[in-house]
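Using the hints provided, position chains B, C and D relative to the given structure of chain A.
There are 4 protein chains.
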Amino acid sequence: MRMYTMKNLKLVLKENREQTVVNVAGIDIGTGLTVIAGPCSVESEEQTIETAMAVKAAGADMLRGGAFKPRTSPYSFQGLGINGLKILKKARKETGLPVVTEVIDPRDVSWVAEFAGILQIGTRNMQNFSLLKRVGRSGRPILLKRGMYSTLEEWLNCAEYILSEGNPDIILCERGIRTFETYTRNTLDLSAVPALKELTHLPVIIDPTHSTGRLSLIAPMSLAAVAAGTHGILIEVHRRPQDALCDADQALTPDMFKGLMTKLRSLSKFMQKGQYNES
Amino acid sequence: MRMYTMKNLKLVLKENREQTVVNVAGIDIGTGLTVIAGPCSVESEEQTIETAMAVKAAGADMLRGGAFKPRTSPYSFQGLGINGLKILKKARKETGLPVVTEVIDPRDVSWVAEFAGILQIGTRNMQNFSLLKRVGRSGRPILLKRGMYSTLEEWLNCAEYILSEGNPDIILCERGIRTFETYTRNTLDLSAVPALKELTHLPVIIDPTHSTGRLSLIAPMSLAAVAAGTHGILIEVHRRPQDALCDADQALTPDMFKGLMTKLRSLSKFMQKGQYNES
Amino acid sequence: MRMYTMKNLKLVLKENREQTVVNVAGIDIGTGLTVIAGPCSVESEEQTIETAMAVKAAGADMLRGGAFKPRTSPYSFQGLGINGLKILKKARKETGLPVVTEVIDPRDVSWVAEFAGILQIGTRNMQNFSLLKRVGRSGRPILLKRGMYSTLEEWLNCAEYILSEGNPDIILCERGIRTFETYTRNTLDLSAVPALKELTHLPVIIDPTHSTGRLSLIAPMSLAAVAAGTHGILIEVHRRPQDALCDADQALTPDMFKGLMTKLRSLSKFMQKGQYNES
Amino acid sequence: MRMYTMKNLKLVLKENREQTVVNVAGIDIGTGLTVIAGPCSVESEEQTIETAMAVKAAGADMLRGGAFKPRTSPYSFQGLGINGLKILKKARKETGLPVVTEVIDPRDVSWVAEFAGILQIGTRNMQNFSLLKRVGRSGRPILLKRGMYSTLEEWLNCAEYILSEGNPDIILCERGIRTFETYTRNTLDLSAVPALKELTHLPVIIDPTHSTGRLSLIAPMSLAAVAAGTHGILIEVHRRPQDALCDADQALTPDMFKGLMTKLRSLSKFMQKGQYNES
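Protein chains in written order, with my numbering: chain A, 1 to 279; chain B, 1 to 279; chain C, 1 to 279; chain D, 1 to 279.
Read the hints as simulated data drawn from the structure, not as lab findings. Source: prediction; values computed, not measured. Note that beta-carbon positions come from the ideal geometry of N, C-alpha and C, so glycine has one too. One should not assume that every hint holds.
Claimed, not checked - Here are the simulated lysine-lysine pairs, DSSO-like style, with alpha carbons at most 30 Å apart:
id, chain 1, residue 1, chain 2, residue 2
1, A, K263, D, K273
2, A, K269, D, K258
3, D, K263, A, K258
4, A, K7, C, K7
5, A, K263, A, K93
6, A, K263, D, K258
7, C, K273, B, K263
8, D, K7, B, K7
9, A, K133, B, K89
10, D, K14, A, K258
11, C, K273, B, K258
12, D, K269, A, K263
13, C, K258, C, K89
14, A, K273, D, K56
15, A, K14, D, K258
16, A, K56, D, K273
17, B, K269, C, K269
18, C, K269, B, K258
19, B, K263, B, K93
20, D, K263, A, K269
21, B, K258, C, K14
22, D, K86, C, K133
23, A, K263, D, K14
24, D, K133, D, K7
25, C, K258, B, K273
26, C, K86, D, K133
27, B, K86, A, K133
28, D, K273, D, K56
29, A, K273, D, K273
30, D, K89, C, K133
31, A, K89, A, K258
32, C, K258, C, K93
33, C, K56, B, K273
34, B, K263, C, K269
35, C, K93, C, K56
36, D, K133, C, K89
37, C, K14, C, K269
Stated by the list, open to error - For each label pair, taking beta carbons as the anchor points, the in silico distance ranges come out as:
id, chain 1, residue 1, chain 2, residue 2, range
38, A, K7, D, G166, 54 to 64 Å
39, D, V21, A, A248, 32 to 42 Å
40, D, S266, A, E18, 28 to 38 Å
Excised from the complex, chain A in its bound form (with noise of 0.2 Å):
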């Protein structure tokens, strides 16, 4: 009952089409490897700021920071909001890198736009179509989570939701899917790269904090991403992670990202030569 017909996707399939590279402020996502990294949620300009100089110091690209927070509970803390926007904007102006951040209401995409180099679609709002609908009419390059409980043919359906507005900036992320195993938080499927790769012209990438949730397991599941052949990493990093707000025991510190960087870019130019180029 859940096979793959793949009947539905018209604008998502490879076929003969060309490798999508999305291009944000000068940054390519779709070729080499690209680094997106801050902390899970922006809870102050001070906090944001010195992740954001941080990561950037360690050779990021973009700088992800959520300001609206999808939390399973009402009570947790939900986001800055306008005011965690504003932050990033400083935060951008203060580093010049490119930001990516959450859109979790339709009402909210025209403004939150104003603010985003690229406009996120969590996990929990994969299939919400209203949502895809109103990015895909954005302007904005999007960045589309995985489902925890969805098939690739279904998050190709969503991408091609947005396509079919006429959004072609599409970077599709894998974060994990859900399974019986409660040792890692999700299931990174791994094998979701070299699969969409062979199936879709858009970009894929991979988060290596919530499809792990445990820290020791970030860095090698980042090396085992590039040489699967991922076009880019998104990444969590704190200034200080047991202060933060949320995700405290899973992000990285500035050090650890720094020291995992110099690994990612080294493998990646591996990767590169021409013996590793999988396509």
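Leaving out everything else, chains B, C and D in the frame of chain A:
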């Protein structure tokens, strides 16, 4: 890592609270057995009213019907929207049955609420927190479907989102979870019925149609749900299933529904006799 | 990739075959409702016989009890082995109840069969093909539990292994599948009952104990199973559950079991009246 | 209910123990990268020896090949049994490659061990405790595949079964877990590699063939496993995959394997340089 703490749940837990009974135009949900029946989607006035009259004649308590359809593909029938709601209004007038209909966008809540006795939040929107907050201020009872990837605790947190906005009238609807099994569309987690009845004061109903996705399983699983203590059943009926624009192969005909209703009512009566009261 | 082809199934499919009724010492499984009750494991003669007499008095049809226990850890109680079987033999003599007991090693089949009315293949051994082939030549009826990770088709193939060795007496037992949900030990896939009844001629029973793993859910799910058309129930009862060497927190007391039996028999009778016959 | 307690694990945990390095006829597993390659099943002498020579030539360290095949259907090819083992022995003689072969029945362990350098326990037998105890006394290293439905803790408990019988030589092999996703045969849980490396002193290898079930995903996932720190790779190669009696569509040709080996060795060398040492 997925442990049940229930720690953030304040209003939704049973504790010493009385069973919530949601009353819609004289129909109670949360005591006895309430049956909500109708087509997957409103396709035309004739189709809707004919089906509504048939389910009314068979003893249904409420009418279901979708005007906004969250569909996997952007190219599938997306529902009639406002025109669908107008048809539902007519069907309500003709039959007297209160209407349950889905809302998928926070921008639509206020006006969709004008047409609906109960607003449904679908499985893909269970953690659409913007929508949950908005329907929490809609003044209408909410039928909250379980996310197909959601634990009971996550689901209860979503009800907590609605409750914390001041809306006490929530009905939980188990509609199947996603598992490795593909014989059925989803796996109906019927144990959620007694589990939720011990955890929360909110009514719990089940959807045998979307959970099983197989016509032959709908009757036995509906009967099983009654024996398990469900407060209600939400079921798809179509005057001519083979012509339905969605879920064509899993809607009951009016005749099938009539036969099932006789059994359901009789079993419900039997279960409510002294020794079958599981509370 | 997990499509239902049923293509290799020859003997197990319903097609035009008559419903298989397994008869063990005068007790039928495959018509009406057969209840098999007893402790998780045989711990002592006193415990076993006391429990056996209690379930007999409450109306059970057969006795269950494990002498070989497949335990997650090598350091957990592994069962009394041959001594456990001797105790079961005494319990059979005392109560007249046929015994269902698990076999886990092909080397043990011939002599364990001497003590057993029915040989049980546990969930972890469903695809232990050596064992399946061996019990297919044991001359005893086989209670084949569903692998906690198995599709219906894979399960039916395992029955086919036994049938193809010449053993026609197989009872299928749904005991819960593994999902992401952790509130229950496993997720009872009750829809397997009507699904299997349309696919195969073999009797189908359910195990509410191992599937739910929660005392409070056993009664409602047992009643639900009867309403769904199960041919039987396999349930854990212990004279003093708190002292049990395994599954201490999910065994019914004799009193609880007695109360449940009254309900089960009454519901079963009700369901067998004309209009509730789902066949 | 599925919490990680690790409480019964005594011998398998890392703690202060040294990394186990399993040595088979001069080949180490547990340091560097060990590649085990060969056909799914032994079909004929010619096919096996030709394939063995090809994988040897490409740089494989050991030969895999099944003489006993656990197959979903009783009517599928079940392996050549003793004749298959004799062929493997010849292949070992011809190539010098130690042989990894599956054993599925405790009655066969002693004589299968005569032919095998390493005994494999397959995914369906991971919790076949009789078999585990028996191979714990076999005097041979054991390649223990993860149950497709098993948590890391359950898997480690199975290794504990073997260790507690006195056999210290165990290799853990991740081969994919069962999830809702059907694009791949299973979902390769690559995070198990670094997770196990922090939990246990046993070597950890991966099987990219059975986990992905797709030819095009084998190379990228093998490379990813190396980057994640795997101690080895177990991979299917067939001289003419299209003629294979099982897994015909997921075996590499000798040419494909040769190309992959070059990349694997080169990447492995790269990863072992200072900064990529994740320990």
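Tested hints:
At most 30 Å may separate the alpha-carbon atoms for a hinted pair to count; K263 (chain A) and K273 (chain D) meet this at roughly 11 Å. Taking the CA atoms of K269 (chain A) and K258 (chain D), the gap is about 23 Å. The hint holds against a cut of 30 Å. Restraint check for K263 (chain D) and K258 (chain A): satisfied, since their Cα atoms lie roughly 27 Å apart, inside the 30 Å limit. Pair hint K7 (chain A) plus K7 (chain C) holds up; C-alpha atoms about 25 Å apart against a cutoff of 30 Å.
With a C-alpha separation of about 28 Å, the suggested pairing of K263 (chain A) with K93 (chain A) holds against the 30 Å cut-off. For the given pair, K263 (chain A) sits about 27 Å from K258 (chain D) by alpha-carbon distance, which is consistent with the 30 Å threshold. Of the pairs offered as hints, the one joining K273 (chain C) and K263 (chain B) holds, with about 11 Å between alpha carbons and a cut-off of 30 Å not exceeded. For a cut-off of 30 Å, the pair hint linking K7 (chain D) to K7 (chain B) stands: about 25 Å separates their Cα positions.
For the suggested pair K133 (chain A) and K89 (chain B), the alpha carbons sit about 27 Å apart, so the restraint of at most 30 Å is met. At most 30 Å may separate the alpha-carbon atoms for a hinted pair to count; K14 (chain D) and K258 (chain A) meet this at roughly 28 Å. Restraint check: the Cα-Cα separation between K273 (chain C) and K258 (chain B) comes to about 18 Å, which is no more than 30 Å; the hinted pair holds. Under the criterion of a C-alpha separation no larger than 30 Å, the hint pairing K269 (chain D) with K263 (chain A) is consistent with the structure, at around 14 Å.
Of the pairs offered as hints, the one joining K258 (chain C) and K89 (chain C) holds, with about 23 Å between alpha carbons and a cut-off of 30 Å not exceeded. Among the hinted pairs, K273 (chain A) with K56 (chain D) is consistent with the structure: their alpha-carbon atoms are about 26 Å apart, no more than 30 Å. For a cut-off of 30 Å, the pair hint linking K14 (chain A) to K258 (chain D) stands: about 28 Å separates their Cα positions. Restraint check: the Cα-Cα separation between K56 (chain A) and K273 (chain D) comes to about 26 Å, which is no more than 30 Å; the hinted pair holds.
A distance of roughly 15 Å separates the Cα atoms of K269 (chain B) and K269 (chain C); the hinted pair therefore holds under the 30 Å criterion. A threshold of 30 Å between alpha carbons decides the hint, and for K269 (chain C) with K258 (chain B) the separation of about 23 Å falls inside it, so the pair holds. With a C-alpha separation of about 28 Å, the suggested pair K263 (chain B) and K93 (chain B) falls inside the 30 Å cut-off, and the hint holds. Straight-line distance between C-alpha atoms of K263 (chain D) and K269 (chain A) comes to about 14 Å, which keeps the hinted pair within the 30 Å bound.
The hinted pair formed by K258 (chain B) and K14 (chain C) meets the criterion: a straight-line CA distance of about 28 Å does not exceed 30 Å. In summary, the hint linking K86 (chain D) to K133 (chain C) is supported, as the alpha carbons are separated by about 24 Å, within the 30 Å threshold. Distance check on the hinted pair: K263 (chain A) and K14 (chain D) sit about 26 Å apart at the alpha-carbon level, within 30 Å; holds. For the hint pairing K133 (chain D) with K7 (chain D), the CA-to-CA distance comes to about 20 Å; that is within 30 Å, so the pair holds.
Using a Cα cut-off of 30 Å, the hinted pair K258 (chain C) and K273 (chain B) holds, with the two alpha carbons roughly 18 Å apart. Our distance criterion of 30 Å between C-alpha atoms is met by K86 (chain C) and K133 (chain D), whose separation comes to about 24 Å. Taking the CA atoms of K86 (chain B) and K133 (chain A), the gap is near 24 Å; set against the 30 Å cutoff, the hint holds. Note on K273 (chain D) and K56 (chain D): the hinted pairing holds, with a Cα-Cα distance of about 26 Å set against a maximum of 30 Å.
At most 30 Å may separate the alpha-carbon atoms for a hinted pair to count; K273 (chain A) and K273 (chain D) meet this at roughly 17 Å. Distance hint between K89 (chain D) and K133 (chain C) is fulfilled; the C-alpha atoms sit about 27 Å from each other, no more than 30 Å. For the suggested pair K89 (chain A) and K258 (chain A), the alpha carbons sit about 23 Å apart, so the restraint of at most 30 Å is met. Taken as a hint, the K258 (chain C) and K93 (chain C) pair is honoured in the structure, with Cα atoms around 22 Å apart against an allowance of 30 Å.
For a cut-off of 30 Å, the pair hint linking K56 (chain C) to K273 (chain B) stands: about 26 Å separates their Cα positions. For the hint pairing K263 (chain B) with K269 (chain C), the CA-to-CA distance comes to about 14 Å; that is within 30 Å, so the pair holds. Note on K93 (chain C) and K56 (chain C): the hinted pairing holds, with a Cα-Cα distance of about 12 Å set against a maximum of 30 Å. For the suggested pair K133 (chain D) and K89 (chain C), the alpha carbons sit about 27 Å apart, so the restraint of at most 30 Å is met.
For the hint linking K14 (chain C) to K269 (chain C), the alpha-carbon distance of about 25 Å falls within 30 Å, and the restraint holds. With their beta carbons about 57 Å apart, K7 (chain A) and G166 (chain D) fall inside the hinted range of 54 to 64 Å. Distance hint check: the CB atoms of V21 (chain D) and A248 (chain A) are about 37 Å apart, consistent with the given range 32 to 42 Å. Roughly 29 Å separates the CB atoms of S266 (chain D) and E18 (chain A), a value that falls within the hinted 28 to 38 Å.
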